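Colleague: Protein chains in written order, with this note's numbering: chain A, 657 to 917; chain W, 4 to 78.
FYI, nobody ran anything at the bench for these hints, they're computed from the structure. Values in this document were obtained by computation on a predicted structure and should not be read as measured data. Wrong hints could be hidden among the right ones.
With a straight-line Cα cutoff of 30 Å, these simulated DSSO-like cross-link-like pairs (lysine-lysine) come out [to be verified]:
{"hint": "1", "chain 1": "A", "residue 1": "745", "chain 2": "W", "residue 2": "10"}
{"hint": "2", "chain 1": "W", "residue 1": "10", "chain 2": "A", "residue 2": "744"}
{"hint": "3", "chain 1": "A", "residue 1": "663", "chain 2": "A", "residue 2": "712"}
{"hint": "4", "chain 1": "A", "residue 1": "712", "chain 2": "A", "residue 2": "678"}
{"hint": "5", "chain 1": "A", "residue 1": "856", "chain 2": "A", "residue 2": "745"}
{"hint": "6", "chain 1": "A", "residue 1": "663", "chain 2": "A", "residue 2": "678"}
Among the chain W residues that face chain A by a calculated CB cut under 7 Å, a handful are [stated by the list, open to error]:
{"hint": "7", "residue": "54"}
{"hint": "8", "residue": "60"}
{"hint": "9", "residue": "63"}
{"hint": "10", "residue": "68"}
{"hint": "11", "residue": "74"}
{"hint": "12", "residue": "77"}
Counterexamples of contact, computed for chain W against chain A with all Cβ distances above 12 Å [said to hold, decoys possible]:
{"hint": "13", "residue": "8"}
{"hint": "14", "residue": "10"}
{"hint": "15", "residue": "30"}
{"hint": "16", "residue": "37"}
{"hint": "17", "residue": "61"}
{"hint": "18", "residue": "64"}
{"hint": "19", "residue": "65"}
Each residue gets a CB set at the ideal place from its N, CA and C atoms; glycine is no exception.
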Amino acid sequence: MAAESGKIDPMHQFLIEPMFGKDWVIAGHSIAFTNSAMWMVITLGVLWLFMLGGMKRELIPGRWQAAVEGFTGFISNMMQANIGPEGKKFTPYVFSLFMFILIANILGMMPVGVFGLHPFTVTSHLTVTGVLAVLSFAIVLIVGFWRHGFHFFSLFIPHGTPGYMIPLIFLIELFSFLIRPFSLGLRLFVAMTAGHILMKVLAGFVINGLNAGALTIAIVTIPSFILMIGITLLELLVCAIQAYVFALLTSLYLNDAIHLH
Amino acid sequence: MDAEAAKLIGAGLAAIGVGMAALGVGNVFGSFLESALRNPAAADGQQGRLFIGFAAAELLGLLAFVVAMILLFVA
């Protein structure tokens, strides 16, 4: 009854393919509604329902409204602390960004496998996180050039730099500025992908151990399963931390653009 | 040595970089905890910087992971 030990394929979970097997044809154009798009719609739905539950504006908030106020207050305080009063007009964008990334990350960890479905982490693709990072970086550039014009380039020359070092310092600062969207997108993408690959590899150990006899069940399956529980908790923490870090760095870059140190 | 074997060895070497990132991240949190125990009242105010430091150290470790993934699945 022991099946052959299968090769563990940790990358298949990231495959993007059209839902229901083929592309939709809308008005003569072939639109691919992929599993990635569906999970983005699910993320939007969950976020919408969450915010809707907190809109009752009770003076003494119930649990749901308190949870929504917890998140909005958290982001509002972060913007206030990092940017100051001008941060208020960017709070809706940073809040949307934070909540979308947080919910997308967490939905990828949901145990819908017990119902036979496969969760998909929207943010485990560089295309998605890259677009979010480019969005943040574009807002930073637009705000910077709108407020300061060409004086924005003084961001790259700190106060008190000796004259002979200005060209070199300018190039170094420019490079580290231009690398910001890459690092923003890459950080979230690799954190999510690495976590899910680890989970898939451990799950493969559990199943292969189960199939290979009673001794391997005791030595391989049970410890791997316990490790999976611990790693799941760690991954949920990483989901929250990576969403927070994305929002935090966006607010810091906005502060750089608005206040030019 | 054929290319496939060299790629696998390269990916294994890249994993050493991930281990060094673990040292870096541990350094950031360790320093924070050490100084937080000396001055607990000031610790909460610095939490933002803690996560900035963590993000920077983690990113470089994740870059090593990206190199390993490229060697295994792309090149």
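Colleague: All the hints need checking, so say for each whether the structure fits it.
Modeller: Checked hints:
1. 745/A with 10/W: Distance of about 49 Å is beyond 30 Å: violated.
2. 10/W with 744/A: violated, 50 Å
3. 663/A with 712/A: Not OK: residue 663/A and residue 712/A at ~52 Å, beyond 30 Å, violated.
4. 712/A with 678/A: violated, 42 Å
5. 856/A with 745/A: Outside the cut-off at roughly 41 Å; violated.
6. 663/A with 678/A: holds, 28 Å
7. 54: holds, 6 Å
8. 60: With a closest approach of 11 Å, the residue 60/W hint is violated.
9. 63: violated, 10 Å
10. 68: This hint holds: residue 68/W lies near chain A, its Cβ roughly 6 Å from the closest one there, short of 7 Å.
11. 74: With a closest approach of 14 Å, the residue 74/W hint is violated.
12. 77: Not OK, violated: residue 77/W not within 7 Å of chain A, min 11 Å.
13. 8: Residue 8/W clear of chain A: closest Cβ-Cβ about 18 Å, beyond 12 Å.
14. 10: holds, 15 Å
15. 30: Consistent with the label, residue 30/W stays out of reach of chain A, its closest Cβ about 17 Å off (over 12 Å).
16. 37: holds, 21 Å
17. 61: Given that some Cβ of chain A is not farther than 12 Å from that of residue 61/W, nearest at about 7 Å, it is violated.
18. 64: Per Cβ check, residue 64/W is inside 12 Å of chain A; nearest 9 Å; violated.
19. 65: Residue 65/W is in fact no farther than 12 Å from some Cβ atom of chain A, at 4 Å.
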